[in-house]
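Sequence order for the protein chains is A and B. Heads up, the first sequence is in the numbering used here, so the first residue is 1 and it goes up one at a time. Heads up, the second sequence is in the numbering used here, so the first residue is 190 and it goes up one at a time.
Do not take every clue at face value.
Once the Cα atoms are required to be at most 27 angstroms apart in a straight line, the calculated DSSO-like pairs of lysine-lysine come out as [claimed, not checked]:
1. B:K209 with A:K61
2. B:K216 with A:K61
3. A:K68 with A:K177
4. A:K177 with A:K35
5. A:K91 with B:K209
Label pairs and their in silico Cβ distance ranges [stated by the list, open to error]:
6. B:P224 with A:D55: 38 to 46 angstroms
7. B:D223 with A:E131: 15 to 23 angstroms
8. B:C199 with A:G114: 22 to 30 angstroms
9. A:S47 with B:K198: 26 to 34 angstroms
10. A:C4 with B:R246: 29 to 37 angstroms
11. B:T195 with A:F116: 45 to 53 angstroms
12. A:D124 with B:L210: 48 to 56 angstroms
13. B:A225 with A:Q159: 26 to 34 angstroms
14. B:P224 with A:A160: 51 to 59 angstroms
15. B:L226 with A:N67: 24 to 32 angstroms
Chain B is faced by these chain A residues, among others (derived, beta-carbon under 10 angstroms) [what the hints assert, rightly or not]:
16. I102
17. G133
18. I137
19. R180
20. E184
In case anyone wonders, no lab produced these hints; they're calculated from the structure. Since the model is a prediction, treat every value here as computed from it, not as a measurement. All residues carry an ideal CB built from backbone N, CA and C; glycine is no exception.
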Amino acid sequence: MTNCRALSIPVILGTTRKGRMSAHAARFMIRQIEKRPDISTELIDLSELPMPIDDAGEEIKDGAFSNKMTLADALVIVTPEYNHSFPGLLKHILDSCLKEYIHKAAGIVGVSAGPFGGVRAIQDFLPVIRELGLVNIFWDVNFGNVASMFDETGKLLDQAFVKRADKFLDELVWMAKTLRYGRENIALE
Amino acid sequence: MPNKLTCPKCGSEMNHHADKLIYPSEKLQTMAIDPALDGLIEETHACPGCGAVASRRAQ
Numbered sequence: 001m002t003n004c005r006a007l008s009i010p011v012i013l014g015t016t017r018k019g020r021m022s023a024h025a026a027r028f029m030i031r032q033i034e035k036r037p038d039i040s041t042e043l044i045d046l047s048e049l050p051m052p053i054d055d056a057g058e059e060i061k062d063g064a065f066s067n068k069m070t071l072a073d074a075l076v077i078v079t080p081e082y083n084h085s086f087p088g089l090l091k092h093i094l095d096s097c098l099k100e101y102i103h104k105a106a107g108i109v110g111v112s113a114g115p116f117g118g119v120r121a122i123q124d125f126l127p128v129i130r131e132l133g134l135v136n137i138f139w140d141v142n143f144g145n146v147a148s149m150f151d152e153t154g155k156l157l158d159q160a161f162v163k164r165a166d167k168f169l170d171e172l173v174w175m176a177k178t179l180r181y182g183r184e185n186i187a188l189e
Numbered sequence: 190m191p192n193k194l195t196c197p198k199c200g201s202e203m204n205h206h207a208d209k210l211i212y213p214s215e216k217l218q219t220m221a222i223d224p225a226l227d228g229l230i231e232e233t234h235a236c237p238g239c240g241a242v243a244s245r246r247a248q
């Protein structure tokens with residue numbers, strides 16, 4: 001490696017809906033990342049971002065969000081499944097940047113009230129991730145039946161997710177390190 | 190080979206690591222479309238010193 005900057009892996013909470021259970025999943029992922037040395041993380045809550053709807057794309061780029069995406073080496077994107085897909089506002093905000101994402105890693109955490117853990121939202125999301133220039137890993141975390149996965153304080157009730165999140169993060173960190181090396185050292189021919 | 194970009198944050202020489210095909214909608218930009226690609230190339234550069242990213246339209 002050419003430098004020893006800590007990896008930056010923010011967690012994007014991809015819904016603004018009141019009572020969203022995805023917030024518990026996002027905070028759980030933050031706690032798992034914080035256990036790892038040399039990685040900085042933070043929660044990026046869609047509901048706290050300025051989100052004009054009278055325009056779209058890079059015309060609505062928010063400086064603070066853009067800076068966070070520039071600093072990021074990888075993204076954990078927590079998305080609920082609404083009507084078999086991911087939230088439109090999540091795409092709206094992701095579409096506001098481009099160069100900030102290119103050749104960076106992405107991992108998706110799916111959340112659903114039903115049993116499938118957001119798999120349909122994730123499948124819909126993959127072509128978007130690809131077109132944004134992000135590199136998706138092959139591990140997901142799937143919180144199905146999410147109402148029974150966390151108590152009202154956000155405490156995880158099924159410890160199997162600790163190991164699942166760990167495997168997801170192992171792969172994401174490897175991809176983040178590899179892509180950082182590539183971005184900074186390997187020139188396009 | 191076009192000139193290397195200099196990092197606006199730390200002054201290091203940046204690494205050109207990607208060419209992204211974009212599809213402009215503004216009239217002035219559509220006039221510059223490469224007919225072989227049906228779009229424009231936006232170069233992406235990263236700084237090995239501080240991690241900053243930058244882009245520019247391909248020369």
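Does the nearest C-beta of chain B fall within a distance shorter than 10 angstroms of the C-beta of A:I137? violated, 19 angstroms
Per the CB criterion, is A:G133 less than 10 angstroms away from chain B? With a closest approach of 6 angstroms, the A:G133 hint holds.
Pair hint A:K68 and A:K177, alpha-carbon separation not exceeding 27 angstroms: Within the cut-off at roughly 17 angstroms; holds.
Measuring from the C-beta of A:I102 to each C-beta in chain B, is the shortest one below 10 angstroms? A:I102 check passes; min Cβ-Cβ to chain B is 4 angstroms, inside 10 angstroms.
If you check the beta carbons of B:D223 and A:E131, does the distance land in 15 to 23 angstroms? Holds: the Cβ-Cβ distance is about 18 angstroms, inside 15 to 23 angstroms.
Restraint outcome when A:R180 is required to lie within 10 angstroms of chain B by C-beta distance: This interface hint holds because 7 angstroms falls under the 10 angstroms limit.
Does the structure keep B:K209 and A:K61 at a Cα separation of 27 angstroms or less? Holds, at about 18 angstroms.
That 22 to 30 angstroms hint for B:C199 and A:G114 (C-beta), does it hold up? violated, 49 angstroms
Mind checking the alpha carbons of A:K177 and A:K35 for me, to see if they're no more than 27 angstroms apart? OK: A:K177 and A:K35 at ~18 angstroms, within 27 angstroms.
Within 51 to 59 angstroms or not, the Cβ separation of B:P224 and A:A160? Once the Cβ atoms are compared, 54 angstroms apart, the range 51 to 59 angstroms for A:A160 and B:P224 holds.
Assessment of proposed distance window 26 to 34 angstroms (beta carbons of A:S47, B:K198): This hint holds: roughly 30 angstroms between Cβ atoms.
Against the range 29 to 37 angstroms, how does the distance between the Cβ atoms of A:C4 and B:R246 compare: consistent or not? holds, 33 angstroms
Of the numbered hints given earlier, the model fails hints 6, 8, 12, 13 and 18; all others are met.
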